[in-house]
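Chains as they are written, first to last, in the working numbering: chain Y, 1 to 262; chain H, 1 to 216.
If you're looking for bench data, these hints aren't it; they were derived computationally from the structure. By construction, the Cβ of each residue, glycine as well, lies at the ideal position given by its N, Cα and C atoms. A portion of the hints provided could be inaccurate.
As the list claims (entries may be wrong) - A partial selection of chain H residues facing chain Y, derived with a Cβ cut-off under 7 Å:
id, residue
1, 12
2, 15
3, 54
4, 66
5, 69
6, 111
7, 125
8, 127
9, 129
10, 130
11, 131
12, 135
13, 136
14, 139
15, 154
16, 202
Claimed, not checked - Only pairs whose alpha carbons sit at most 25 Å apart, straight line, appear in this in silico BS3-like list of lysine-lysine:
id, chain 1, residue 1, chain 2, residue 2
17, Y, 184, Y, 108
18, Y, 37, H, 115
19, Y, 37, Y, 13
20, Y, 119, H, 44
21, Y, 108, Y, 133
22, Y, 132, Y, 108
Now for the letters of each chain:
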Amino acid sequence: MLKVRLIPCLDVKDGRVVKGVQFLDLVDAGDPVEAAKAYDAAGADELCFLDITASHEARGILLDVVRRTAEACFMPLTVGGGVRTVEDIRNLLLAGADKVSINTAAVKNPDFVREASEKFGNQCIVVAIDAKKVSGEGEGPRWEIFTHGGRNPTGIDAIAFARQVTELGAGELLVTSMDRDGTKGGYDLALVRAIADAVSVPVIASGGVGNLDHLVDGVSKGHASAVLAASIFHFGTHTISEAKGYMAKAGLRMRLDEPAHP
Amino acid sequence: MSVVIIDYGSGNLHSAAKAFERAAREAELDCPVIVSSDPAVVAKAERIVLPGVGAYADCRRGLDSVAGMVEALQKRVHEDGRPFMGICVGMQLMATRGLEHTTSYGLDWIHGDVKAIEPQDPALKIPHMGWNTLSLAKPHPLLDGIPTGPDGLHAYFVHSYALAPTDPGDVIATTDYGGPVTAIVGRDNLVGAQFHPEKSQALGLKLIANFLRWRP
């Protein structure tokens, strides 16, 4: 049986983890490679790096971080943030990323998804969908794609966009509610479920996790194949194994193998 | 003893090489890991690994684009009987044909076609992506000491197509995804894993170490 994946996400800026990983006894809490190793040892099912570096010139630093992480961690690594060209994807994959997530570039030019998946295979192309609810009280639910961290509306319907990029070759969708991100109020389950039920590829729920029930809900109510969270792990509110144990007790199928690392 | 990982332009092999190095170190095997695109190196290799990510036809084209590589592989693996492991699309290339988008021909070492996975449960997503357990179809030295079955260790899969061997005797292990899906094939000195041992943590490192010790 395929297991539900639990994915910690690290925001990386100029080669450093933003906010840091505070619960682990790391020599350097801001070093993404050290944080990645710690999550690998803790039994995370995958790892996600989101590069929030403002300047495109600093990409070399990220590539070096990805390279050193891939050397040290034998787990799948997804890297996103600022991916604009086929060359960006190639560089990340050659550095050791297993999957690359595309966001704004896919919104500006959906055909980029086709180009990327034809070149590298749909298994490594993740489309990150940042959506906000735009329907009013009493209306049927409707979500719109936003770019630039939720600041720029696009007028594009999130569910239609999810269907479109899946047909173009996205192998997986990372669905983030911009209404919930950072609130600790839980995923936007209606959004996650609407997209998961509309497409044939796996969906990762993201944005808003504040407790372990939120993770469970993402799968049981949101129909997600994987759940992503950041701060509840970085700040030590919960450990990966605590979360996986809790999800298993709630009836979800989880991978509870002993980690390979001592 | 050494192992050659074939580089034919199919993605990054650095982390695969690191995983083999680590498995060798932990198993206390003196086994240098060589990443090479040189058919002359493959022709003398003691152990050979053929990785592969992306589309079947692209991988086949990539392999063909290295002059002399297929011939070197055929000779070293098929005639000299050296231990061989295919990984993911590298495993699928061991089949007769791949039916992804178009029909492409594989190495025909394991008779059968690579076809789209069609889970009986329509709610199951494609690609089959993530961690799954293995069901042993028959004992094999590569799975020595690796717990299989529903409570066994997990392997990391990511694929939309799977090899269906003509001879069921070539199936070493399956995984369950709306029905059995081929996870490991093998015959004589050949073995192939649909999943990624280099990403499969404990199970992967054990399987790689078993391959490095294997004397078929």
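Going through the hints against the structure:
no.	hint	result
1	12	holds (5 Å)
2	15	holds (4 Å)
3	54	holds (4 Å)
4	66	violated (18 Å)
5	69	violated (20 Å)
6	111	violated (25 Å)
7	125	holds (5 Å)
8	127	holds (5 Å)
9	129	holds (5 Å)
10	130	holds (5 Å)
11	131	holds (4 Å)
12	135	violated (11 Å)
13	136	violated (16 Å)
14	139	violated (21 Å)
15	154	holds (5 Å)
16	202	holds (4 Å)
17	Y:184 / Y:108	violated (30 Å)
18	Y:37 / H:115	violated (36 Å)
19	Y:37 / Y:13	holds (18 Å)
20	Y:119 / H:44	violated (32 Å)
21	Y:108 / Y:133	holds (20 Å)
22	Y:132 / Y:108	holds (17 Å)
The structure fails to meet hints 4, 5, 6, 12, 13, 14, 17, 18, 20 from the earlier list, while all remaining hints are met.
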